[in-house]
Amino acid sequence: MARHVHQPIGEEIRSIAGYYMVLEEGVLKYRDREVLYLLEAAAADTSCCGGAGMGFIMVPGYIRELRAGKNEDGLWVSEVDRVEDEGDRREITRELRARHPGFQQIIFA
Amino acid sequence: MVGIGSFGGYVPRYRLNRMIIFGSMGWLNPVIITNARGEKAVANFDEDSITMAVAAGMDCLRGVDRQGIDAVYFATTTAPYRERQNANIVAGALGARDEIRSADFTGSLKSGTSALLSALEFVGCNGGKAVVCAADCRLGKMASTQEMVFGDAGAAVMVSDSEVIAEYKGSFSVSHDFVDHLRGANTKYDRMWEERWIRDVGYQQFIPQAVQGLCAKYGMSPADFDRIIYPCYYGGARKNINKALQVEQEKVQDDMLATVGDSGSAHPLLMLAAALETAKPGEKILLVSYGSGCDALWFEVTENITKMQDGRGVSRWLARRADLDNYQKYLVWRGMAPAETGIRGETDKETRWSLVWREHKAILGLWGSKCRKCGTQQYPPQRICINPDCQALDEMDPVYLADKGGTVFTYTGDMLAASVNPPAIYGNVNFNGGGRTLMDFTDCTVEDLSVGMPVEFSFRIKFYDPKRDITNYFWKAVPAVGEVK
Amino acid sequence: MAEGIRDKVVILGMGCTRFGERWDAGSDDLLIEALTEALQDAGIEKKDIQAAWLGIHIDEINIGKGATYASGALHTPFIPFTRVDNFCASGTEAFRGATYAVASGACEIALAIGVEKLKDTGYGGLPDSPAFGQEAVMIGPNATAPGMFAQLATAYAAKHKIPMDKLKEAITHVSWKSHQNGAKNPRAHLRRAVTKEQIMGAPMVAYPLGLFDCCGVSDGSAAAVVCTPEVFKKLKPNEPMVKVKALQISVSSGEEAMFTRWDGAGIITTQTASRKAYQEAGIKDPRKEISMMEVHDCFSITELVTMEDLGISPPGKAPEDILNGFFDLDGQIPCQPDGGLKCFGHPIGASGIRMIYEIYNQLLGRWPEDRAVKNPKFGLTHNLGGVPTQNVCSVAIFGID
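Chains as they are written, first to last, in the numbering used here: chain Y, 1 to 109; chain E, 1 to 485; chain V, 1 to 401.
Check before you lean on any hint, since a few could be wrong.
In silico lysine-lysine, DSS-like type, Cα no more than 30 Å apart, as pairs [stated by the list, open to error]:
id, chain 1, residue 1, chain 2, residue 2
1, V, K119, E, K467
2, E, K349, V, K184
3, V, K159, E, K404
4, E, K307, E, K251
5, V, K276, V, K288
6, V, K159, E, K370
7, V, K184, Y, K70
8, V, K317, V, K184
9, E, K169, E, K284
10, V, K233, V, K276
11, V, K196, Y, K29
12, V, K65, E, K467
13, V, K276, V, K184
14, V, K196, V, K8
15, E, K188, E, K329
16, E, K329, E, K361
17, V, K196, V, K166
18, V, K196, Y, K70
19, E, K280, E, K217
20, V, K234, V, K65
21, V, K161, V, K317
22, V, K159, E, K349
23, Y, K70, V, K166
24, V, K377, V, K284
25, V, K184, V, K166
Source of the hints: derived by calculation from the structure; they are not laboratory data.
Work the whole structure out from these sequences, hints included.
If you want it as structure tokens, here you go:
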């Protein structure tokens with residue numbers, strides 16, 4: 001089991017090279033389980049070299065318990081199981097790509 | 001004996017299903033659905049007629065000593081330069097000597113066979129070897145028939161005076177100022193006249209005229225040939241032509257319309273390469289081109305053919321495919337729609353021709369150097385040996401690296417680098433035989449790569465300078481397609 | 001071997017601007033800001049400077065060639081003023097010019113000043129420049145520094161058989177630590193602590209480097225006035241003296257880029273420069289003797305391999321040291337106590353001198369408790385310019401008497 005900390009929707013998480021933010025959270029039914037995923041946006045607008053922006057989908061894992069509690073920063077924490085199997089990752093990637101075309105990266109936590 | 005010494009093909013990796021074009025543009029011109037079967041080959045963003053001609057030439061020249069080439073001819077209707085011999089870029093990439101004949105053949109879709117005829121006559125007069133590389137990358141406007149039909153590909157034939165795989169027996173040509181398709185000197189997109197006229201008066205009359213002319217000249221009948229190769233993307237017209245010539249359907253070479261599309265000046269030679277992949281000794285082959293007239297050529301396959309049926313040709317390129325599942329990407333790759341590249345993308349890159357000339361062997365032919373003292377191979381060519389334990393000065397021999405291949409040493413997929421196909425993939429490659437260099441990767445995704453993986457080198461567009469209309473070329477690494485047996 | 005410059009040059013005063021997107025300031029403003037602070041700290045006047053070196057890398061968009069822009073902006077009185085450039089080591093190269101001048105006896109007081117004004121390009125990142133020559137324009141990939149340094153990570157993981165997940169965890173700690181430190185620093189470009197979850201949650205910009213593994217560009221300037229120990233004693237009697245113990249530069253031979261011996265998992269120039277620097281400074285066991293470091297963390301993976309290249313962590317053990325907190329502010333050898341390139345920022349020509357500024361102030365115990373390194377004796381600075389296959393490395397060591 002792993003923990004996923006829910007970052008506030010729409011709030012820029014900034015590094016010196018750029019920022020990213022969660023646009024929305026979604027749930028994908030996959031086989032008999034539910035997969036939590038986040039649609040996110042990023043901009044590397046002040047990186048030392050080059051520049052880029054991208055849409056990406058972060059997949060924390062299969063939902064065990066959504067918003068099981070809060071952490072010390074007051075953010076919601078969910079309990080998830082990571083998607084480890086390569087075959088499952090490929091299939092989930094395929095389904096997410098079909099559902100949300102245009103996103104450059106699909107990342108499994 | 002003069003004839004074909006080797007052959008090669010090239011079909012770019014990306015294929016656009018014609019239903020995607022219809023799905024994107026059918027709202028505007030619904031009749032394009034009539035051509036919406038199969039897929040067409042689309043040159044990658046870093047490919048054009050020159051790079052595809054080189055790729056086909058590399059395929060054709062596997063195992064051939066490049067120093068033995070006496071002429072390089074390039075045929076296309078989509079040359080990047082009107083002044084600057086395009087064939088010399090091709091010749092440089094193929095590793096040919098400087099002391100050769102070279103020429104561009106253009107202006108019609110039969111320029112591929114015109115170049116081949118010139119090569120046959122060159123070798124007939126002078127002996128030696130002549131290479132013909134043809135490729136086309138023609139554009140139709142969005143929602144046009146041409147956009148549906150045209151495909152991008154390259155083909156190459158080496159003509160030789162010895163060990164020929166197919167003997168040249170004769171030819172017959174007809175030339176007409178028949179304007180079915182045209183592009184003016186400043187026009188990007190193909191324009192065509194009424195299709196029924198092109199079909200009935202063009203293909204259906206000129207191809208039989210050329211075939212019958214050849215048969216009359218040599219006392220042959222179309223039925224004497226074992227394989228008949230001609231381009232014609234009208235299925236109905238093909239049936240009529242076969243009927244007019246009284247040849248059986250199975251002797252007529254597949255036109256690859258469903259897999260490649262009409263590749264213009266390269267197409268007859270591409271079909272020839274596909275035919276030679278399976279041709280048997282003794283077969284008589286009739287090759288006909290079409291465009292502003294026709295050339296008809298007669299070849300007879302020799303016993304040597306089996307030596308060249310080693311994987312070169314078209315099928316392995318056809319098998320190496322990936323879907324181009326995005327019509328807009330196609331538009332941007334082909335420069336059909338303006339795309340924002342950011343202020344950084346506007347950075348001016350001047351081509352310094354005197355530098356390019358000084359380094360032309362290293363740039364065009366991926367020539368490195370090899371130290372006579374310690375045997376270390378290195379790229380770019382060095383005067384002082386890179387081996388820290390050697391460091392000999394001016395003890396180098398040139399070495400052609402473009403056909404050597406190598407392995408991946410390190411790699412990355414870079415979202416930050418300016419590219420029309422992000423992420424930009426590049427890394428360090430170790431050359432087989434020694435030496436290392438940093439280079440771009442193409443025709444792959446980051447997921448396709450791993451450290452130690454074998455790569456081949458592919459001649460590609462390095463960058464285009466829109467301000468001065470200059471296309472610059474260099475080599476990139478691609479995952480090895482599979483060794484020739 | 002030559003005896004080197006150990007203890008022959010001391011730092012009389014230093015200045016450093018706030019780093020960041022200084023839309024309000026041009027190169028001239030930044031230079032004036034840094035020099036004014038340095039002169040105040042040194043307790044001298046501009047006319048006392050006998051020679052000056054300017055460190056700057058990108059000249060295309062701001063000050064042009066040579067040093068006349070700087071001498072004109074600062075109105076230095078007809079003294080020798082020389083522009084030096086050696087990629088990201090440009091600031092340290094300026095410092096080398098000044099220290100060598102003093103060490104040689106050619107002058108008694110010299111200035112090193114670095115500046116970079118990068119926010120007049122119209123886009124993020126450094127301007128495109130043919131950094132490796134015109135032939136490279138024709139044959140080299142359109143690479144970026146993140147992409148080039150990312151390849152260190154794939155090679156390092158392969159060489160030491162460390163799973164990429166584990167390596168990502170270690171470089172995440174590197175970034176996390178720099179954010180923690182930078183958050184406390186009023187002159188840092190980015191003052192914000194982040195959680196490891198936030199770092200891990202960022203997308204990839206160049207596999208396997210994520211958004212938080214990369215540094216940015218900043219505007220800024222930093223200056224150092226150096227002099228002989230004799231002059232220092234005259235001007236600041238009874239004050240502690242920060243001495244230059246070593247300063248070494250190593251530049252790629254071309255071997256990494258073209259020969260097949262290099263393993264790609266570390267930086268040869270860092271290994272070379274640091275060994276020479278330890279010898280010059282008389283340091284036998286850097287892991288025990290160095291008290292703190294400011295290294296060139298252009299990417300978190302660079303900082304990781306640098307720990308091994310400097311001989312601080314044993315080969316393959318940097319991830320372990322990092323995750324054990326060895327380089328945290330309260331660890332054995334704090335690394336990037338000021339936030340590093342990752343948070344303090346990276347105006348290229350100024351960065352090397354900014355690092356010295358941090359070490360100098362730490363050695364003098366000038367920082368508040370919450371960001372002070374405890375009882376420092378030797379501080380090390382490290383710059384790495386260029387790319388892993390073709391680069392310039394500087395290593396400098398400072399000590400306090």
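Violations among the numbered hints: 2, 13, 14, 16, 20, 22
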